[in-house]
Amino acid sequence: MTRPVFKAPQNDVVMAVVGLQLTHSQLKAIFDRVTNSCVAGHCQPCGSPNVHCYVINQAALVLVSSKGEKEVGQSLKEINCALVEAMVNQSALTQYYLYDFQGICIEVSRDVMSFATRLVAVLKSAQAGPEGDSQWENTLKFASLNTQIPSEEAIGF
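Per my numbering, the sequence shown runs over residues 2 to 158.
Worth flagging that the hints you see were computed from the coordinates, not collected in a lab.
Mixed in with the good hints, there may be bad ones.
[Claimed, not checked] Here are the simulated distance ranges between beta carbons:
hint	residue 1	residue 2	range
1	P5	Q91	20 to 26 Å
2	L23	D101	50 to 56 Å
3	A9	V40	32 to 38 Å
4	K8	N90	26 to 32 Å
[Unchecked claim] Keeping only pairs whose Cα atoms sit at most 30 Å apart, straight-line, the calculated DSSO-like set for lysine-lysine is:
hint	residue 1	residue 2
5	K78	K29
6	K68	K78
7	K29	K71
8	K29	K68
For glycine and all other residues, C-beta sits at the position ideal for the given N, C-alpha and C.
Kindly generate the complete structure, drawing on both the sequences and the hints.
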């Protein structure tokens, strides 16, 4: 569990990050000990029917649940949306909108043809023909039959 420490006046520069490292079993043991003890005598512990208790982080991800392991790692908003909205309205949670820019696929429409599309005709011609020879091989054979190699005199040597 970590928390950023901001510089006082602006609150926009993170100066440090402080945290505590616990195993999940340690956190669950502390959670069970605290939430299942009743000091006042007339309270309902988290193990009671119709009572659900959670430990969440700032992103409202469930770290520990009284319902067991199946809810750990899920967003509390997926489990109980009304509870999260009430916590936001009472300023117990702050709602942030985050965007995963690496996960967004932006389709780009191009009016100009790419140079790579010129290779499509070449690759299609390399597919095998009915005689077993590829059309590319036939094209090369035809080109070599109809090509005359110029003499050295014609080139200027």
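So, going through the hints one by one against the coordinates:
For the pair P5 and Q91, the beta carbons lie near 23 Å from each other, so the given range of 20 to 26 Å is met. A beta carbon spacing of about 28 Å between L23 and D101 contradicts the range 50 to 56 Å that was offered as a hint. At about 36 Å, the CB distance of A9 to V40 agrees with the hint of 32 to 38 Å. A hinted range of 26 to 32 Å holds for the C-beta pair K8 and N90, which are about 29 Å apart.
Pair hint K78 plus K29 holds up; C-alpha atoms about 21 Å apart against a cutoff of 30 Å. Using a Cα cut-off of 30 Å, the hinted pair K68 and K78 holds, with the two alpha carbons roughly 16 Å apart. Between the alpha carbons of K29 and K71 the distance comes to roughly 14 Å, so the proposed pair stays at or under 30 Å and holds. For the given pair, K29 sits about 12 Å from K68 by alpha-carbon distance, which is consistent with the 30 Å threshold.
Of the hints listed earlier, the one the structure fails to meet is number 2.
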